[in-house]
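Chains A and B, in that order, give the protein sequences.
Counting from 1, one number per residue, gives the positions in the first sequence under this note's numbering.
Counting from 1, one number per residue, gives the positions in the second sequence under this note's numbering.
Treat the hints as calculated values from the structure; they're not laboratory data.
Since the list gives no way to pick one copy over another, a pair counts as held whenever it fits inside one copy or between any two copies.
The calculated lysine to aspartate or glutamate pairs, modelled on DMTMM-like cross-linking and capped at a C-alpha distance of 20 Å, are:
{"hint": "1", "residue 1": "Lys200", "residue 2": "Asp151"}
{"hint": "2", "residue 1": "Lys149", "residue 2": "Asp44"}
{"hint": "3", "residue 1": "Lys200", "residue 2": "Glu290"}
{"hint": "4", "residue 1": "Lys200", "residue 2": "Glu119"}
{"hint": "5", "residue 1": "Lys149", "residue 2": "Asp40"}
Each chain, letter by letter, is given below.
Number of protein chains: 2
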Amino acid sequence: MNADMSISHVGEFGLIEQLRRLCPAGASVVGIGDDAAVLDIPGDSYMLATVDMLVDGVHFRLSHIPPEDLGQRLLAVSVSDIAAMGGAPTFALVSLALPLDIGLPLVTSLYDGLCGAAEPLGVGVVGGNVTRTPGPLSLDLALLGTVRKTDVVLRRGARPGDILAVTGRLGLAAAVRLLTETGMSAEAERDRLGPLARLKAGQVLAASHLARAMMDISDGLAGDAHRLCAASEVGLHILERHVPVDPLARGASETLGREPAELALHGGEDYELLIALDPSQVGRARTLVEPLPLTVVGTVMPREYGVMIERVNGRVDPLPDDGWKHF
Amino acid sequence: MNADMSISHVGEFGLIEQLRRLCPAGASVVGIGDDAAVLDIPGDSYMLATVDMLVDGVHFRLSHIPPEDLGQRLLAVSVSDIAAMGGAPTFALVSLALPLDIGLPLVTSLYDGLCGAAEPLGVGVVGGNVTRTPGPLSLDLALLGTVRKTDVVLRRGARPGDILAVTGRLGLAAAVRLLTETGMSAEAERDRLGPLARLKAGQVLAASHLARAMMDISDGLAGDAHRLCAASEVGLHILERHVPVDPLARGASETLGREPAELALHGGEDYELLIALDPSQVGRARTLVEPLPLTVVGTVMPREYGVMIERVNGRVDPLPDDGWKHF
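Full structure from sequences and hints, please.
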């Protein structure tokens, strides 16, 4: 191994794959590589566990987001991982790295947002760690959850012939982020239906055993579709014209000089669910997740087919694996 | 509240207390305020959960510690919290915030250390999150554990008339830190007996029901004794001459121009256990934790007595509450 090898060379997923090989799995049912770890505990349910870190200047800009919203978002990112397993979140622990110039009111506002979002979900905020940092404000949330052992949904269950569907509309978070970065005014980065809607959707799709594979769309539909296909060892044919673009993202796309589908496919941070389903069950699934829309975006194919996208003009291209990059 | 109020004004523990009041406890048995959260799950055991963050330049200096040792230390900090509840660690999830100039070999070495320490403890490293940061390398580890419901030991069980004992010797971590900061060579910051010894000590003291209250000594004996007394609503009389100073710390104290007891009382990062015991059971407890030394350092008093230290010269002073400060 080259001693100068940088992480950007292998990328986020390359790094995770290298680290995964080093990690003992202990008594876990599913370790690194799904939305959350699946841990065996006595009784009818598994415990789920996930961690997510948000760093000022990377995942948010403190100058652009009210601290209450940041607290909500910190929780929502991890709730989305629990939703993707069909689970219910139970307990959160939070680590805060605080720059010296951060005032107490900002931290309590952040907790107001976090705890205000946690309480209606039945999530206890039961631990944490505070430290100072010479760097930017960094927040790490560990979220535990439970899911019935008979119901847990992994990334790895998709089969050729399934359809692939997404909840909600995509591209809004990316549009808001780009508008903010270019100094244009943007609607507050609020989640209109809220994480509770996806949580319920994940739970009903799991409990009904309709979802064969599921994950959350955090890095963009394109990149996450690649992750799901890799885990399930399948290929995919996505139809660009079926990708549900958020109306606000569509409206902003001209201002931003981007194609609406680009925002929806590669934008990231939508926290919707990506689900593989038996094609005969789509109507039933749609009814179960209402009022959240459920849109069929493609068909699961044999692995040899690859992960392809049929463009609006009819051309079939390999789907670029370039979700929102951390490195 | 003053909008300019800084966190250094309320201090780390003042901040935690303010945040604790905002946090919903959910279905936890013990939330914020002990070494680990205690969560009810089906069966005979509770689940324990703790998080700890280490930041370059605050808790370690990347230029002074081999990455393998840093990985070990990251785990050991949280293992110590599980040990203090009498539990056994089971699963870890890790968040890494990586500066762009960090190379892949450093990260894999860090994981070699972490995973090498996790495996013999039976800990699965089952999840994580990697992100870049414009700030210093920051590592956050969430550790889960289990403890029999009949055996869990909290901070709050000490009663007047108990004795207070510590495992091991104190002051080494502080001596090494101070030597390093002043540019003097220091032995590698290795833990000689390792976290396994304290883990076993915590487990046998819990399972034997000898420990009435227990916590780990992470911020220094003085500050942590205050925490234990506050949780148990008791006072304390500590004898300075009984505080077990690590021989290397004693040797370094002259070089550093510090009193050995100062390093042991206020140094921090020793990760030994502080235990309240029935005085008649000290001999039994000492046998159980061998080869780890167990030293009686004081007597638990009624709350009105306060938290006092009897100096070597016989004077009785209030014990300063000034563990290692994060703010």
